[in-house]
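Trainee: The lines below spell out each chain.
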Amino acid sequence: MNANAQRFRRACEAKAFDRNHRAIVAKNTATYHAAVARGLARFADWETARRRAAAVKWEVMNHLDHYLEEFERNVRATGGHVHWAETAEEATQIVLSLARQHGVRKAVKSKSMVTEEIHLNPALEAAGITVLETDLGEYICQLRGEPPYHIVTPVMHLNRQQIAETFHEKFGTPLDATAEELAGIARERLRAEFLAADMGITGANFAVADPGMIVLCTNEGNARLTTALPRLHVAVVGIEKLLPRLEDLALFWPLLATRGTGQFLTVYNTLVGGSEPLHVILLDNGRTQLLADVEQRDALHCIRCGACLNACPVYKTVGGHSYGTTYQGPIGSMITPHLRGWPDWSHLPYASSLCGHCADVCPVRIPIHHHLLHNRRNAVRQRLDPPLQRWMFRVWLWGVQSARRYAIGGRLARWAMRLGLAQPLARAWTRYRDLPDPPREAFRDWWRKHERA
Amino acid sequence: MSARENILSRVRDAVRAEAPRPPSPSEAPVWPPMGDAETRFREEFVALRGEIVESLPEFLAGFGKIATDDSDLVAAACGRVGMTVPVREAELGVTSCVCLVAQTGSVVVACRRSEERALSVLPPVHLVVARRSQIVLDLEAALGVVRRQYGGGLPSLVSVISGPSRTADIEKVLVLGAHGPRRLAVHFVNE
Numbered sequence: 009m010n011a012n013a014q015r016f017r018r019a020c021e022a023k024a025f026d027r028n029h030r031a032i033v034a035k036n037t038a039t040y041h042a043a044v045a046r047g048l049a050r051f052a053d054w055e056t057a058r059r060r061a062a063a064v065k066w067e068v069m070n071h072l073d074h075y076l077e078e079f080e081r082n083v084r085a086t087g088g089h090v091h092w093a094e095t096a097e098e099a100t101q102i103v104l105s106l107a108r109q110h111g112v113r114k115a116v117k118s119k120s121m122v123t124e125e126i127h128l129n130p131a132l133e134a135a136g137i138t139v140l141e142t143d144l145g146e147y148i149c150q151l152r153g154e155p156p157y158h159i160v161t162p163v164m165h166l167n168r169q170q171i172a173e174t175f176h177e178k179f180g181t182p183l184d185a186t187a188e189e190l191a192g193i194a195r196e197r198l199r200a201e202f203l204a205a206d207m208g209i210t211g212a213n214f215a216v217a218d219p220g221m222i223v224l225c226t227n228e229g230n231a232r233l234t235t236a237l238p239r240l241h242v243a244v245v246g247i248e249k250l251l252p253r254l255e256d257l258a259l260f261w262p263l264l265a266t267r268g269t270g271q272f273l274t275v276y277n278t279l280v281g282g283s284e285p286l287h288v289i290l291l292d293n294g295r296t297q298l299l300a301d302v303e304q305r306d307a308l309h310c311i312r313c314g315a316c317l318n319a320c321p322v323y324k325t326v327g328g329h330s331y332g333t334t335y336q337g338p339i340g341s342m343i344t345p346h347l348r349g350w351p352d353w354s355h356l357p358y359a360s361s362l363c364g365h366c367a368d369v370c371p372v373r374i375p376i377h378h379h380l381l382h383n384r385r386n387a388v389r390q391r392l393d394p395p396l397q398r399w400m401f402r403v404w405l406w407g408v409q410s411a412r413r414y415a416i417g418g419r420l421a422r423w424a425m426r427l428g429l430a431q432p433l434a435r436a437w438t439r440y441r442d443l444p445d446p447p448r449e450a451f452r453d454w455w456r457k458h459e460r461a
Numbered sequence: 295m296s297a298r299e300n301i302l303s304r305v306r307d308a309v310r311a312e313a314p315r316p317p318s319p320s321e322a323p324v325w326p327p328m329g330d331a332e333t334r335f336r337e338e339f340v341a342l343r344g345e346i347v348e349s350l351p352e353f354l355a356g357f358g359k360i361a362t363d364d365s366d367l368v369a370a371a372c373g374r375v376g377m378t379v380p381v382r383e384a385e386l387g388v389t390s391c392v393c394l395v396a397q398t399g400s401v402v403v404a405c406r407r408s409e410e411r412a413l414s415v416l417p418p419v420h421l422v423v424a425r426r427s428q429i430v431l432d433l434e435a436a437l438g439v440v441r442r443q444y445g446g447g448l449p450s451l452v453s454v455i456s457g458p459s460r461t462a463d464i465e466k467v468l469v470l471g472a473h474g475p476r477r478l479a480v481h482f483v484n485e
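Residue numbers (the working numbering), protein chains in the order written: chain S, 9 to 461; chain G, 295 to 485.
Among the hints, erroneous ones may be present.
[To be verified] Keeping only pairs whose Cα atoms sit at most 25 Å apart, straight-line, the calculated PhoX-like set for lysine-lysine is:
| id | chain 1 | residue 1 | chain 2 | residue 2 |
| --- | --- | --- | --- | --- |
| 1 | G | Lys-466 | S | Lys-324 |
| 2 | G | Lys-466 | S | Lys-35 |
| 3 | S | Lys-23 | S | Lys-35 |
[Unchecked claim] Sample of chain S residues with no beta-carbon within 12 Å of chain G, all distances over it, derived:
| id | residue |
| --- | --- |
| 4 | Arg-58 |
| 5 | Ala-135 |
| 6 | Thr-296 |
Don't read these hints as lab results, they were simulated from the structure. Where is the CB? At the ideal position from N, CA and C, for every residue including glycine.
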């Protein structure tokens with residue numbers, strides 16, 4: 009097992025038995041699920057909506073060259089700038105050189121997973137530029153020095169007391185501050201930062217090819233301030249974010265909000281074009297590899313609503329930080345090996361019960377659990393599975409290919425279990441649970457006796 | 295070769311083979327039928343904690359520093375206030391809008407210059423002055439209005455605003471006025 013996989017297993021084991029964590033996440037997801045149920049009731053036909061969205065995304069992804077060029081052309085036509093970055097390093101270099109050109113000393117950021125992906129904050133700080141996260145959840149993460157726990161709800165794992173403690177430590181505010189007071193403190197402190205910042209950094213929830221505009225969806229209004237107050241706006245955008253036309257948003261906005269938070273729309277759905285200084289950085293960073301995989305291309309349809317995380321029994325048990333990835337949960341386990349390399353991340357597709365709930369809730373109908381299975385197969389093909397596991401599957405395969413061998417195997421297993429010989433082999437299971445008692449007889453023996461009756 | 299060429303050539307190579315097509319969607323309507331546009335707008339807007347202002351002078355009297363956009367509609371409606379301050383100091387920002395969306399209770403604002411961008415989001419209260427005829431039925435119609443009104447020269451920022459700024463990042467508890475306005479109001483002028 010590689011170091012990453014070992015770290016993942018240890019983190020999962022610790023989190024799975026953390027009752028406090030489980031209670032906080034259960035409370036958060038219960039509120040979320042109730043809101044989503046109300047949100048879904050606003051659709052006459054949810055299934056048709058997601059099928060339409062899947063069709064639009066299929067069109068984009070299978071003609072992505074065309075839409076990228078159209079987007080670039082249209083952004084430039086309105087005076088905006090488009091840059092291309094093959095890797096995370098290239099993208100951060102572009103941001104840094106823009107910052108240098110414009111004499112930027114202070115930057116504000118609106119919540120963006122892609123800038124987490126390229127580790128932009130440390131790069132800017134190393135260059136002497138102060139960066140402040142302005143989304144309340146991300147701001148709390150930054151104060152605590154933690155990565156986001158969830159792609160939509162960055163501090164889902166914290167309760168109010170923990171957040172009040174963080175604020176108390178940093179700002180000396182009361183320990184019994186309410187959610188409203190905490191949000192008010194952040195508002196006051198960040199307001200000054202917005203006004204002093206030279207550069208605003210955002211991602212994009214969507215990028216529209218016609219007209220060439222990026223789309224930002226927030227509830228707090230921080231993306232609005234990030235694009236309004238600093239004199240320079242830089243948006244880092246994954247190449248998979250494209251939509252063909254403005255009018256497509258009439259479908260995608262409600263889909264994203266409904267599955268993201270249960271709202272029908274987030275409060276600010278904002279289109280930003282080029283006539284004020286806008287620099288868009290189109291980022292590949294492994295996405296074209298996933299695009300080249302015809303079988304799994306539709307993983308790029310993801311609109312990052314976070315619904316599969318909230319649906320996933322594994323995510324809710326092991327928590328977002330255990331994954332050690334930018335994108336957690338089912339979609340993260342699906343795409344991370346493609347984006348960051350199979351040798352280090354091929355353990356993630358196993359972090360799934362394959363129950364398929366992730367695919368059920370996906371607003372663009374990505375069959376995520378099938379892809380997790382494909383990932384497992386692809387990892388085995390690359391011989392990335394642990395040798396012991398490979399050997400055991402070979403033995404199992406040999407065993408089940410003959411009725412006689414299967415019967416003998418079953419008898420041996422029942423005998424071993426009865427004598428307590430199997431338990432040490434199943435330690436990973438028996439550490440926390442009992443093995444079931446072995447059946448008294450095999451089903452085939454039972455059947456033979458009762459067949460005539 | 296540049297990053298652009300490299301990425302585009304990888305994309306072209308990749309999409310040469312087509313991914314399996316998803317099943318085609320039915321023609322069924324996605325949204326339930328809507329009744330009267332103005333009634334629906336009022337219901338949705340108020341449900342999002344928006345305020346409908348009936349008496350404009352009374353509302354405006356509650357604020358000292360008021361910043362407004364330069365539209366004729368706002369000038370005519372707020373004319374008697376006759377007071378414009380820098381947006382950073384304003385207690386109230388007053389703007390016109392592109393349209394209002396009945397389906398979602400949203401107001402759609404657009405701006406060309408960066409000071410205008412701040413007007414609807416920086417002051418603690420945002421008032422939209424509108425005509426009843428600007429209410430459209432749904433989001434699709436609203437985006438259609440945006441496209442028709444501006445054609446090729448879209449403003450640098452278009453924002454569909456649905457209620458006052460909010461956050462639920464802490465324990466999913468709803469807090470209004472996260473970064474943007476704590477209050478959002480609409481006043482319909484008499485036509």
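Trainee: Compare the structure with each hint and give your call.
Mentor: These are the hints, each one checked on the structure:
1. Our distance criterion of 25 Å between C-alpha atoms is met by G:Lys-466 and S:Lys-324, whose separation comes to about 16 Å.
2. Of the supplied pair hints, the one linking G:Lys-466 and S:Lys-35 holds, its CA atoms being roughly 9 Å apart against a limit of 25 Å.
3. Taken as a hint, the S:Lys-23 and S:Lys-35 pair is honoured in the structure, with Cα atoms around 16 Å apart against an allowance of 25 Å.
4. With a least beta-carbon separation of about 8 Å from chain G, S:Arg-58 fails to lie farther than 12 Å from that chain, contradicting its non-interface assignment.
5. No Cβ of chain G approaches the Cβ of S:Ala-135 within 12 Å, the least distance being about 21 Å, so the stated non-interface status holds.
6. A cut-off of 12 Å between C-beta atoms contradicts the statement that S:Thr-296 is not in contact with chain G; the least separation is 4 Å.
Violated hints, listed in ascending order, are 4, 6; each of the other numbered hints is respected by the structure.
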